[in-house]
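Trainee: Take a look at the letters that make up each chain.
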Amino acid sequence: MAESDKTRESRERSGSQGDLGRKFLELVEKFGEIELDNVTMTVDELTLMLQPSVTRFVRPVARPEIAPPIAKLVDRLVEVEFAPPVETYPAQVVEVQLGATRSEGGTRRKVVKIGGAKTLPFYGFEGINPNGPAFAMDVFDMPLHLPKAVRQHFDDVIDDPAAWAKKCVKDFSADVISLNLISTDPGLKNTSPAEAANTVENVLQAIDVPVVIGGSGNKQKDPLVLEKAAEATHGERCLLNSVSTDTDYKTVVRAALKHNHSVVAFTPMDINNQKKLNRLLLGEGLPKTQLVIDPTTGALGYGIEYSLSLLERIRLGALMGDTELQMPVLSAASNAWGAREAWMKIDDWGPKEFRGPLWETVTGLTMLMSGADLFMVSHPATVRVLKQIAENLYGIGETKHSIENWITALG
Amino acid sequence: MAKKATLLSVYQLLPQTNCAKCGEITCMSFASKLLERRATVEECPPLREDQYGSQAVKLRDLVAPPIKEIVLGVGERAVKLGGKQVVYRHELTLHNPTAIAIDVSDKVDDSTLASRCKLIESFQFTRIGEKLTLNAIALRYASGNPERFAQAAALVTRSTSLPLVLCSLDPEGLRHAVEQKGVLNKRPLLYAATKDNWKEVGSLAKQYKCPIAVFAPNDLRTLKSLVRTLQTIGVEDIVLDPGFYPEGGKMKDSIEHLVMIRRAAIQREDKDFAYPILLIPAVAWLGDGVDERAAAYREAYLASLLLTRFADMIILHSTETWEILPVITLRQSVYTDPRKPVAVESGLREIGKPDVNSPVLITSNFALTYYTVSNDIESQGVTCYLLVLNTEGLSVETSVAGGQFTAADVKDLIASTGIEGKIGHRKLIIPGLAARLSGDIEDQTKWEVIVGPRDSSEIKGFLEKRWEVRKA
Amino acid sequence: MSDRVCEPDKLRDDAPPAADVKFPMEIGEMFEGQRIRRPDMYAEFGGVDVPKKFELLLVKAMEEVEDGKVEIIGPDLPELKVGGSYTLGLLIHVAGKKIDKDIEGVLERRVHYFANYIEGVMHVNQRTDVWVRLSRKSYDKGLNTLRWVGRALILLFRRSLPIIEKIQITFITDPTMLEDYYQQALEVYKSRDERARGLMEEQVEEFYSCVLCQSFAPTHVCIITPNRMGGCGSISWFDARASSNVDPKGPNFPVRKGECLDPVKGIYTGVDEVVKERSLGAIEHIRLHTIFDQPHTSCGCFEAIAYFIPEVDGIGIVHRDFKGPTVNGLSFSTMAEHTSGGTQNAGFLGIAIEYMRSAKFLQADGGWSRIVWMPTQVKDRVKDSIPLEMFGSIATEKDAKTAGELKEFLKGKNHPVIQRWKEVAKEEAVPPKEEERAVAAEETPTVIPAGIEIPAMAGGFKIVLKNARIVAEKVIIKRAEKK
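Chains as they are written, first to last, in my numbering: chain A, 1 to 411; chain B, 1 to 472; chain C, 1 to 483.
If you are wondering where the hints come from, they were derived from the structure by calculation, not from laboratory data. Even for Gly, the Cβ is constructed at its ideal location relative to N, Cα and C. There are no misleading hints in this set.
Subject to a maximum C-alpha distance of 27 Å in a straight line, what follows is the list of computed DSSO-like cross-link-like pairs (lysine-lysine):
1. Lys474/C x Lys271/B
2. Lys199/B x Lys478/C
3. Lys21/B x Lys323/C
4. Lys69/C x Lys97/C
5. Lys250/A x Lys219/A
6. Lys199/B x Lys474/C
Non-contacting residues of chain B with respect to chain C, defined by C-beta distances greater than 10 Å in every case (computed):
7. Arg37
8. Gly83
9. Arg89
10. Asn218
11. Lys446
All chains should be built: construct the whole structure from the sequences, respecting the hints.
Mentor: Structure representation (structure tokens):
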């Protein structure tokens, strides 16, 4: 290639660099390509003209038209170091115990501890949270309309809460029983608190796991029902479900303190409301170790994302030091059955026998991964699946299949 | 944490001449679009000039999401992977919903292949006014015959406009497929480079400028090393597959690795992990004598689990609606922008079979409110008309306070739905939380307003006590 | 406490009133919107046809208040002509250990809400605009004396605000007796307003915070001082103080000032502590009176935005009702997206319109002398607070719709901001002078030694390195393929 006068001038101006440049040119002409190792260049001014082969704005990268065989450039994997990005947190979630053994003043053979997390859910590389999730199965104190997928498991016990509870523990491995005293609803049977308390006692006697005592949702009656039930189960460390900002929480807290129970603080998907309620309850003298949060679980497709983010915010807040959020979280995954996808017969959507349990399972699983500690669940399959996943996420269980060859192994 | 882009910091890197060549009247306006990811730096012509060289580079870095955005496919059904800005959705929102690919084997015959592709392409489910679809085809090299793999790849690109993932750990198969006519210009994802084949597969990716996946099951160090090596040779579009074990204790590491990768990329500026993550719940089908329904069930909930742990793309095996439904529903939910309220269509709904004497209720179009109310009254067996007011997706309480739920709006809704022609009375039951508007609404609509309960669960009881319209 | 943002006092619909009292009418939130039309009314007090009327709540010493007393000075309902309009002085005295005069106005605003909860009573406006109507139907059912109204109000006040330990109500319906009370009321309003406007950050011990919006913006905390309202426009320092006293576990709580590091920008160590804690470390410092450099955060319900207009180095204001783009090309809603969510966005700040009346309004940025544009609606609303000499120089949408037009306008009016244009030198685009490591370590660039010209192709660009030291593991120089 001929040099123009102009380039010769500039080359001469560049002095030794110009000589070097000419040398390179000669070599390149001869061999087509030269390779220099460990080069250091000091330049006053160097202009790089870069002609990318596509006319889009990219980071300045030279792209050779044809890629040289890699072996010439890189012949082995680059060595890297990697340390897991561990975060440390200034605070943790408190631990709440459900159930009390004989020596503790109760009659449970097993107690269940929830909470105590020091890290985010299943971030095992930065800390193993001491308590895995616990699963409470729903029992009702009167027969009610249940989706078929659930009902089929309990047809034989639906008239007898104690037998129902027993079946949940024995056949389906429930860790806890969630007894819902819906018959106390004035719109249903308007059962008296005393009668309801009787039912609670019967159920307690039939099983040896802890119990969550739920009202009917009637705001005026529930505090009275929970108060009576608390009295009848003195010392058992039940979980009274629930109080909110617009119910008579003072009565329930008093009962919890007197008879040694814990309380669920329920709010409708509003973190400020939740913090306020927690503040109020703690202000009434309820210790943090007797408080469980229920910020509402939206069913899959019906608000689950609100719950997901709420739980993540609650857990992060707790770990970062927000004392009003440092309690374990309850998730009523059985809310999933309210979604029409779970119970409605629609042929286009496939068999509801699978849809239903799957809907509850995915709802529960999403909450599990967001940090829920205690679950209320209706279908046995959900309990089974979520328990197993929790175990696996703790590193327990045999991994039978390798996945390296999934491409061919799938057939 | 990386420096956050703000309106002003973005503006300062623009030419600030208000030349309007980008289509916006001011540079500030363009800055806003850049931040909202509705424009790219390329759309500012002056920025290509010499004098703005370094600014342009800085700007691109500033507005680029920490996780690289990679486009697969071309045309209408091209899909964007990655592009995530934050770890937790409440910090901002999650961009680019997880792409769902369905696998097909190259072993099946052509017509089966084509029809499966068509099925995947046409799958559609509408939810809250949004069309939910599947996003890609993952063609597996199972035949062992590279020619067959290439043929199958060509057939897939002919049969569908969906993007293609070419799955083969054998570089020979990949090469054949990618060199097959018509495959490359559909911008497929090459899966995958491993510690055993990275030289050949990497070279392929570089040569053909294809996005490439990197696969190192439960071995983050190797994964990182592979990525770094590929970056060294100039490969830019990388997708990470750190491996997912569907059962047993190895799942622990799989899931933890996802957290490590995403956190390292976004919170610790680790450039090796700043890429989209691809996971394969289809491994739930591995094993002998697998019961199909059990496997599909498993795949569904495992896919859901991965959606909550940063999966930017997943490969599934089954296309049963009952299985896909929870996965696409969860995907839609998780990728809802938490800053924007979710709204349903406003208008008139019929609950049960209402007639001229049926009560008329009204509520807001906030999705949560609407579904709560409608689920409650449906399950209670209530028969009524339900007017749904456009409150811009805000709840009753918020919209009453904020002025989106007003008497004038109610009047307009009554007119536009023609409800007056369907009933014999003029009574409107308003939510208890809208009580303060009762007089206003009466004045404007000339209807009688009855203030209903504050909670929709009490509607049935309320109607039984208070609703009396004698039949004509 | 405005109803807009704060929770209105929750009143259970079904909760019975005081056990020993059986009211002849219902009391509950469901009656809040009830309208009583002229043909349906028994009588009205105040309203357009009555020249003098007032509503006043006073905080008194404990011994000065007779708890539960309802007094009527003048005719009671049975003595009035049906359908008539009458004068009214509604005077409420309260006492309580935790109540101070500062929260009088806040408590007084509750009268409106409580009165409306009474079935058969409609209450509109406040102070000397007060207007009350009683329904004929309710009169016939037994609401036939103002005493019932008084007792209902007392019940509502006591139940919702436990800090009120004693309360008594007087209805003045005799026009000859009204005058003295009326004048007294006017005095009270005047001094209240003066105190409210005159109170400065320096004069108080504490600021207050508001976290009501944290549901929507987790890192957001509003710091409310006598010179800075909450962005929603609903909560003044007095409101927050009252709310904090009434509900110490609620969203408003005291914020220790700490040390004042900069009174102009508004930097207080106590404020930074609270902000850091409440945002869980996301926000560490805020400055109260500036839109630049660590400004106060916003949630999303602010009334207006103060935004930087770089073309003129000035600050513009736009409010929620203004549709369409402002002079910077962005509309309120677009800017709101960047300003909200509890982040610090230099150059953009959500504010309450009342903040424009503050003595410390954006004082770190130059206050009114830096304001260059605002919608006519806003200008009308705050015109009393705009310094006379600035009034004509601030453009509205009628004067300028683009930055170019604005610049001309400001020049023509000799706006103070013009001084700033002369001071700031324009920056030139300069090629990078500093040491730059070439990308060679990770890539394989083609390095062309100086002296060879290569024609620039379309889409290509050049990088000029000056005084550079280039270190590379490997450099490859190839002959370019001939086309």
